[in-house]
Amino acid sequence: MEFKFKMEYSKDILLGLYQTMVRIRLAEESLVEAIKSGEIKTPAHLYSGEEAIATGICTNLTKEDYIFGNHRSHGHYLAKGGDMGAMIAEIYCKETGCSKGRGGSMHLIDPENGIMGIVPIVAGTISLAMGASLASSIRKDNRITVSFFGDGATGEGVLYESMNFAALKKLPIIFACENNLYSTHLPIKEIRVNENISESAMPFGIQCYRIDGNDVLQVYEIFKKAKQICLEGNGPVFIEFLTYRLRGHVGPDDNIQGTHTDIRPKWEIEEWLRKDPIKRLELYIYKQNLATEVEIENIRYLVNLEVKKATDLALSSNFPNPSELEHYVYR
Amino acid sequence: MSTGRKLSYSLAINEALKQLMEIDKSVFILGQGVKSPWYVGNTCRDLIELYGEDRVIDTPISENAMTGAAVGASIAGMKAIIIHPRLDFALYAFDPIINQAANWSYMSGGRSSAPVVFWMVINRGGEQAAQHSQALHSIFAHIPGLKVVAPSNAYDAKGLFIAAVNDKNPVVFIDDRWLYNRECIVPEEMYEIPIGKGKIIKEGNDMTVVSSSFLVSESEKCLSILSSEGIDIELIDLRTLKPFDEDLIIKSVKKTGKLIIVDGSWKTNSISAEIAASVYEKLFGYLKAPIQRVNLPDTPAPASRSLESVYYITAETIINAIKKIV
Numbered sequence: 007m008e009f010k011f012k013m014e015y016s017k018d019i020l021l022g023l024y025q026t027m028v029r030i031r032l033a034e035e036s037l038v039e040a041i042k043s044g045e046i047k048t049p050a051h052l053y054s055g056e057e058a059i060a061t062g063i064c065t066n067l068t069k070e071d072y073i074f075g076n077h078r079s080h081g082h083y084l085a086k087g088g089d090m091g092a093m094i095a096e097i098y099c100k101e102t103g104c105s106k107g108r109g110g111s112m113h114l115i116d117p118e119n120g121i122m123g124i125v126p127i128v129a130g131t132i133s134l135a136m137g138a139s140l141a142s143s144i145r146k147d148n149r150i151t152v153s154f155f156g157d158g159a160t161g162e163g164v165l166y167e168s169m170n171f172a173a174l175k176k177l178p179i180i181f182a183c184e185n186n187l188y189s190t191h192l193p194i195k196e197i198r199v200n201e202n203i204s205e206s207a208m209p210f211g212i213q214c215y216r217i218d219g220n221d222v223l224q225v226y227e228i229f230k231k232a233k234q235i236c237l238e239g240n241g242p243v244f245i246e247f248l249t250y251r252l253r254g255h256v257g258p259d260d261n262i263q264g265t266h267t268d269i270r271p272k273w274e275i276e277e278w279l280r281k282d283p284i285k286r287l288e289l290y291i292y293k294q295n296l297a298t299e300v301e302i303e304n305i306r307y308l309v310n311l312e313v314k315k316a317t318d319l320a321l322s323s324n325f326p327n328p329s330e331l332e333h334y335v336y337r
Numbered sequence: 033m034s035t036g037r038k039l040s041y042s043l044a045i046n047e048a049l050k051q052l053m054e055i056d057k058s059v060f061i062l063g064q065g066v067k068s069p070w071y072v073g074n075t076c077r078d079l080i081e082l083y084g085e086d087r088v089i090d091t092p093i094s095e096n097a098m099t100g101a102a103v104g105a106s107i108a109g110m111k112a113i114i115i116h117p118r119l120d121f122a123l124y125a126f127d128p129i130i131n132q133a134a135n136w137s138y139m140s141g142g143r144s145s146a147p148v149v150f151w152m153v154i155n156r157g158g159e160q161a162a163q164h165s166q167a168l169h170s171i172f173a174h175i176p177g178l179k180v181v182a183p184s185n186a187y188d189a190k191g192l193f194i195a196a197v198n199d200k201n202p203v204v205f206i207d208d209r210w211l212y213n214r215e216c217i218v219p220e221e222m223y224e225i226p227i228g229k230g231k232i233i234k235e236g237n238d239m240t241v242v243s244s245s246f247l248v249s250e251s252e253k254c255l256s257i258l259s260s261e262g263i264d265i266e267l268i269d270l271r272t273l274k275p276f277d278e279d280l281i282i283k284s285v286k287k288t289g290k291l292i293i294v295d296g297s298w299k300t301n302s303i304s305a306e307i308a309a310s311v312y313e314k315l316f317g318y319l320k321a322p323i324q325r326v327n328l329p330d331t332p333a334p335a336s337r338s339l340e341s342v343y344y345i346t347a348e349t350i351i352n353a354i355k356k357i358v
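Here the protein sequences line up with chains A and B, keeping their order. Residue numbering for the first sequence follows the working numbering, starting at 7 and increasing by one per position. Residue numbering for the second sequence follows the working numbering, starting at 33 and increasing by one per position.
Source of the hints: derived by calculation from the structure; they are not laboratory data. Warning: the hint list may mix true and false statements.
[As the list claims (entries may be wrong)] In silico lysine-lysine, DSBU-like type, Cα no more than 35 Å apart, as pairs:
# : chain 1 : residue 1 : chain 2 : residue 2
1 : A       : K69       : B       : K234
2 : A       : K176      : B       : K67
3 : A       : K231      : A       : K285
4 : A       : K176      : B       : K355
[Said to hold, decoys possible] So the derived label-pair ranges between C-beta atoms look like this:
# : chain 1 : residue 1 : chain 2 : residue 2 : range
5 : B       : L82       : A       : G163      : 32 to 38 Å
6 : B       : T300      : A       : P49       : 31 to 37 Å
7 : B       : I80       : A       : E277      : 41 to 47 Å
8 : B       : P69       : A       : H191      : 36 to 42 Å
Remember, predicted model here, so these are calculated numbers, not experimental data. Positions of the beta carbon are idealized from the N, C-alpha and C atoms, including for glycine.
Between the sequences and the hints, there should be enough to build the whole structure, so can you do that?
Structure below.
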């Protein structure tokens, strides 16, 4: 389905979107040296380049709405309102982390903010998200659920089982596919006959869209519409966001640390660098004369302070006590 | 339990479901065949009429997604029950059961959990062969974060079902179609049987027999035969397979010095192996004879009745094992 938009945005909304994207970018970039030095060992799949998607979506969500994520979910967690200090501490696997150092980068959680589950089994949370939306549908609580997954997850059968059931029961769930064109190392044309992922939802009668995932305003608009569709009882909705990761599949760069697994062509990487969602929004804000360079710099300055504070918390925190190894297996 | 109302095993589960759904709106059930007695017997009788299709959901044949949906709903605050009318089909759902639900509390540092019930029915015999007959409780009992219960009678079925639904952790509730028509006295009020506790069915001094699920009744058949031969058996019903009641078994074997474990799963790496190992670790000096295990042979379930007759465990198999160490 085609989607076009022309909208005027308030300064507050634009700077809010900008700040969220910058928080994700700078929080993640602060991890790079610690990953290289080995201080951070947990597999960290960076979201750099894809920030517009989590930001445009979660800005439209309330605290009570649910999200479920995947291995590359630092951005989802921060955009939905997760505490940065608890996230960085978790990535350093410290006791002060959001999962008390038991989960690491791939198991962030914050139920109080609707961040219900993030796990690295590809497609592993799609059915869980569908179940959470089923819970909402039974309770009639007007929550909506967003299931974040990548193009790689479209190879798993559970996605199609979940779409079928969600469509059958008209569940208030939005399937958000972040298509960064590579399933780990495999280009999309080597894993799918049809490169258009959104069309996979059509046979289930699910409204589907395919948009530029590096344009935060398009994401914001399409998601607002999708949410409305769900709240009116006409869910689910499927949205494919075209995007690109600016870092490695895991860690800052797949071509360092002894491996050379990033086979993406240089021209392609450079082309997508020009579509960096943060730079694009910055240019838009300047073009509209909505903020000065000083205001933009100030946002970055404050975010840097937040990142530093979060990192200080992580570094000064203890690792979990070995005597508590078996805590939390059961409730 | 000498007086009172009698109820069949399947209707005891039905009563547990009705009472749970009546008092707690967060309880709901989904799975293949909840509308059809062909799938679920009379365990789900009247549920749709009473509680509606929102909370009693018959599903497409999509075990992975439907089980995941139950897990997700439980994470979102519901008490979800997912039924697999044939346990074999639950293998499509290993990811939501083992990767997700079982690990959920641990990997979130205890901040979240998946209090879901995975209800699986063992349905074997009748020349149904390898994919309609498997008893896989030992696999689930291997997994940290899961609890596994296997009631042997109608009274336990109701009490363990209610306990499973109210537990804050994921519980695998495994019952056996061969038990569905068996009756015993079942109180009308709600009650829970504590998960993790076994029960002494009959006290005795010569030998301990540990059994579970359908095989408790086969083991009971041995009692009178053996007592007429002067062998005094102590019979324990495990009730819960994980965590199994180690203290109860240890105490019994300390007294009798002999142990037979009767378990309806394959011998290799089974729950019987785990119980035997734990008794050897703790009571080596007390044992008067090698521990005996009665299991299925390490062979898929056959179809032909001639093969079934030697494949499944009967009272006779159990008596033969007991006589080896009298």
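(message) Just to be sure I understand the hint, the distance between the Cβ atoms of B:I80 and A:E277 should be within 41 to 47 Å; is that true here?
(response) Given a distance of about 56 Å, which is not inside 41 to 47 Å, the answer is violated.
(request) Using the Cβ atoms, figure out if B:T300 sits within 31 to 37 Å of A:P49. (result) holds, 34 Å
(request) With a cut-off of 35 Å on the C-alpha distance, tell me whether A:K231 and A:K285 pass. (result) holds, 25 Å
(request) Would you check the hint for A:K176 and B:K355, treating anything up to 35 Å between C-alpha atoms as holding? (result) Violated. A:K176 to B:K355 sits at ~62 Å, over the 35 Å cutoff.
(message) Can you confirm whether the C-alpha distance between A:K176 and B:K67 stays at or below 35 Å?
(response) Holds, at about 20 Å.
(message) The hint says 36 to 42 Å between B:P69 and A:H191; measuring C-beta to C-beta, is that right?
(response) Violated, at about 51 Å.
(request) Starting from A:K69, check that the Cα of B:K234 is at most 35 Å away, please. (result) Distance of about 56 Å is beyond 35 Å: violated.
(message) For the hint 32 to 38 Å, verify it against the beta carbon of B:L82 and that of A:G163.
(response) Since the Cβ atoms of B:L82 and A:G163 sit about 34 Å apart, the hinted range of 32 to 38 Å holds.
Consistency note: the structure conflicts with the earlier hints numbered 1, 4, 7 and 8.
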